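Visitor: Produce the entire structure from the sequences given, and follow the hints as far as they go.
Here numbering that gives the first Met the number 0 is used: position 142 in the sequence shown is 141, and no number is missing along the way.
Keep in mind the hints are simulated off the structure, nothing from the lab. Fair warning: this is a prediction, and the values are worked out from it, not measured in the lab. For each residue, glycine too, the CB sits at the ideal point set by N, CA and C. Relax, there's no trap hidden among the hints.
Ranges of calculated distance between the beta carbons of each label pair, as one might list FRET restraints:
1) Glu136 / Ala95: 22 to 32 Å
2) Pro147 / Ile48: 20 to 30 Å
3) His128 / Ser14: 44 to 54 Å
4) Asn148 / Ala95: 37 to 47 Å
5) Glu134 / Pro10: 48 to 58 Å
6) Trp91 / Met137: 22 to 32 Å
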Amino acid sequence: MAQTRMTHLFPFLRSVFAVVCVSALAFACEDNRPVVTEINVQAISVDSIPVQNAWVHVFVPGGVGDTTLFNDPTTQGYYWCKTGIDGYIGRWADSAKTEWVPARFKFTGEAYLDVEASKGGWKGCGFIHVLEGGEAEMSIVIHPYGDPNNGCPQ
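Guide: Listed below in structure tokens is the structure:
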């Protein structure tokens with residue numbers, strides 16, 4: 000009788016051991032993919048009208064040399080981006096310049112970034128704090144050159 004119980008107990012224990020081992024392996028594996036952080040910027044006028052063809056410059060404040068955080072292949076090196084008809088940053092989808100598509104600045108990690116938008120004699124400045132893996136959107140109001148309310152250092 001005891002031998003019969005033992006023969007039924009071993010398959011059960013093997014199953015439990017297998018489940019524990021598989022669970023341990025599954026939870027021990029770490030995901031090494033970078034967490035992408037994104038920001039989107041819109042340039043607007045004092046009257047809240049979207050500004051088309053404004054230059055938007057996103058950069059790390061007080062950096063020396065190449066301090067960019069942008070590592071997405073579609074935005075790497077694009078510290079500057081133009082705005083579309085809706086005032087949001089974008090880029091041409093093709094070399095024939097027939098389709099304008101939205102673009103976002105993408106990078107990994109948490110960041111404090113300065114943002115400048117300008118068009119002609121108009122300029123606006125601001126900053127944004129983005130947590131790792133987060134998404135943030137901001138609007139920059141551009142003012143006439145020399146206006147002390149443009150948010151830019153004087």
